[in-house]
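Colleague: Sequence:
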Amino acid sequence: MKAFTSILLFFVCSFAVANAQSKMNAGVRAVVALPIGSFGDVAGTGFGVLGTYEIGFGNNLVGIGQIGYISWGGKDLGDYSYGYSAVPIIFGVKYFLTPGKGFYGTSSVGFHFFSVSTDIPTITFGGTTIGGGSASANSTDFTFSLGAGYEVPVNKKYSLDVGGDFNLINDANYFTIHVGGKMDL
Numbered sequence: 131m132k133a134f135t136s137i138l139l140f141f142v143c144s145f146a147v148a149n150a151q152s153k154m155n156a157g158v159r160a161v162v163a164l165p166i167g168s169f170g171d172v173a174g175t176g177f178g179v180l181g182t183y184e185i186g187f188g189n190n191l192v193g194i195g196q197i198g199y200i201s202w203g204g205k206d207l208g209d210y211s212y213g214y215s216a217v218p219i220i221f222g223v224k225y226f227l228t229p230g231k232g233f234y235g236t237s238s239v240g241f242h243f244f245s246v247s248t249d250i251p252t253i254t255f256g257g258t259t260i261g262g263g264s265a266s267a268n269s270t271d272f273t274f275s276l277g278a279g280y281e282v283p284v285n286k287k288y289s290l291d292v293g294g295d296f297n298l299i300n301d302a303n304y305f306t307i308h309v310g311g312k313m314d315l
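Per this note's numbering, the sequence shown runs over residues 131 to 315.
Don't take every hint at face value.
Derived DSS-like pairs: lysine-lysine, alpha-carbon spacing no greater than 30 angstroms straight-line [said to hold, decoys possible]:
| hint | residue 1 | residue 2 |
| --- | --- | --- |
| 1 | Lys231 | Lys205 |
| 2 | Lys231 | Lys287 |
| 3 | Lys287 | Lys153 |
| 4 | Lys153 | Lys312 |
| 5 | Lys153 | Lys205 |
| 6 | Lys286 | Lys312 |
| 7 | Lys286 | Lys153 |
In case anyone wonders, no lab produced these hints; they're calculated from the structure.
Let the hints inform the model, and build the full structure from the sequences given.
Modeller: Shown next, in the form of structure tokens:
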């Protein structure tokens with residue numbers, strides 16, 4: 131895993147240096163994550179933030195990189211309560227229908243580093259208390275996502291971005307709605 135991440139980072143940095151004349155920008159997005167399928171049975175609505183980096187490959191094609199944090203509330207199961215969180219690291223492309231603004235589509239791949247934590251209830255029986263505390267588990271899952279959105283320039287340096295993505299992950303699929311801004315570097 132570390133070797134794959136190192137190789138991917140090397141190629142992204144090499145490409146960025148080779149295309150230093152390309153238009154680059156960075157931004158932040160607020161995210162609402164709606165779990166679907168079996169993930170929707172155990173997780174509530176999620177909220178988070180994504181940092182984005184984009185580099186232009188041409189008039190209509192942009193490379194994107196994202197890293198962030200998303201937290202979902204868990205649904206209570208008896209006396210147990212739990213919650214989910216994820217750190218997504220995603221790379222992909224954005225294709226504009228008109229050069230650099232307006233409607234776009236995205237396709238991305240990457241990883242989600244998931245964590246689930248639960249509070250363990252205590253049980254008292256015959257004057258003896260057992261249980262209590264908390265437990266957690268972690269996993270790393272491959273991600274594929276498709277999305278669409280609309281980007282509008284606010285002025286020559288800043289843009290507003292509104293869109294959504296469908297994230298396909300092992301057993302934790304979810305749909306995101308995001309709103310954010312970005313600025314040219």
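Colleague: For every hint, state whether the structure bears it out.
Modeller: We went through each hint and held it up to the structure:
no., hint, in the structure
1, Lys231 with Lys205, "violated, 40 angstroms"
2, Lys231 with Lys287, "holds, 13 angstroms"
3, Lys287 with Lys153, "holds, 11 angstroms"
4, Lys153 with Lys312, "holds, 12 angstroms"
5, Lys153 with Lys205, "violated, 44 angstroms"
6, Lys286 with Lys312, "holds, 11 angstroms"
7, Lys286 with Lys153, "holds, 12 angstroms"
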